[in-house]
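Taken in order, these protein sequences are the chains called A and B. The first sequence begins at 1 in our numbering and counts up one residue at a time. The second sequence begins at 116 in our numbering and counts up one residue at a time.
Any given hint could turn out to be false.
[What the hints assert, rightly or not] DSS-like cross-link-like pairs, simulated, lysine-lysine; straight-line CA separation at most 30 angstroms:
# : chain 1 : residue 1 : chain 2 : residue 2
1 : A       : 69        : A       : 49
2 : A       : 49        : B       : 159
3 : A       : 69        : B       : 166
4 : B       : 166       : A       : 58
5 : A       : 58        : B       : 142
6 : B       : 159       : A       : 69
7 : A       : 58        : A       : 69
8 : B       : 186       : A       : 58
What the hints contain is simulated information worked out from the structure, not anything from laboratory work. Because the structure is a prediction, the values reported are computed rather than measured.
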Amino acid sequence: AQSVTQLDSQVPVFEEAPVELRCNYSSSVSVYLFWYVQYPNQGLQLLLKYLSGSTLVKGINGFEAEFNKSQTSFHLRKPSVHISDTAEYFCAVSGGGTSGSRLTFGEGTQLTVNP
Amino acid sequence: NAGVMQNPRHLVRRRGQEARLRCSPMKGHSHVYWYRQLPEEGLKFMVYLQKENIIDESGMPKERFSAEFPKEGPSILRIQQVVRGDSAAYFCASSPQRTDNSPLHFGNGTRLTVT
């Protein structure tokens, strides 16, 4: 079975500061990793994904994430955040024998960017 | 280029009534997933369907919940005899193929309130 742990439920930061949202996963087989963002009263939008190859993945809106197999982590980073980045962020995993593109999500991290 | 369309956006039902949630996948997508998001929680997988077939319903409650994806028309998630605990946001996602590295595209959800 797969599981995803997002280590921080809430992360408050000031505008233009760097941010890291932490994600650890558990799986006995190779997996694919995703970060999604959810703005209030909206669905989820894909930020970035790791399928294979380079462990540093760049996504939309200036976000990037690094896959670390030995630490089973996939932390999301942005060097300078904006007010508009305020949202809920979800780490997710698929693969390893689960059906199709079925995703297992973490509990989410609420990022709040303050002026 | 319409995305995943869900309707209604908001649905209010009294205890004991039936709720029907509709999802039209992106054009060209034949795989549909339903997720439920309870307040202050992440998304939990419910069911995975392909046209006219239920592929994985391991996340569906055993009673009162059913899903279908007919040859023509949208996918339907049906909840019979709703209870207050069914109040949640229900999200539909679609993908073009059955591979575990294909990102899911999400709709904006249906927010069900049971009074």
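Verification of the supplied hints:
1. The straight-line distance between the Cα atoms of residue 69/A and residue 49/A is roughly 15 angstroms, inside the 30 angstroms bound, and the hint therefore holds.
2. For a cut-off of 30 angstroms, the pair hint linking residue 49/A to residue 159/B stands: about 19 angstroms separates their Cα positions.
3. For the hint pairing residue 69/A with residue 166/B, the CA-to-CA distance comes to about 36 angstroms; that exceeds 30 angstroms, so the pair is violated.
4. Taking the CA atoms of residue 166/B and residue 58/A, the gap is near 34 angstroms; set against the 30 angstroms cutoff, the hint is violated.
5. Distance hint between residue 58/A and residue 142/B is fulfilled; the C-alpha atoms sit about 27 angstroms from each other, no more than 30 angstroms.
6. Among the hinted pairs, residue 159/B with residue 69/A is consistent with the structure: their alpha-carbon atoms are about 25 angstroms apart, no more than 30 angstroms.
7. Annotation: proposed proximity of residue 58/A to residue 69/A holds, straight-line Cα distance about 17 angstroms (limit 30 angstroms).
8. Only pairs whose Cα atoms come within 30 angstroms are accepted, and residue 186/B paired with residue 58/A is rejected, the gap being roughly 38 angstroms.
In summary, the structure is inconsistent with hints 3, 4, 8 from the numbered list given earlier, while agreeing with the others.
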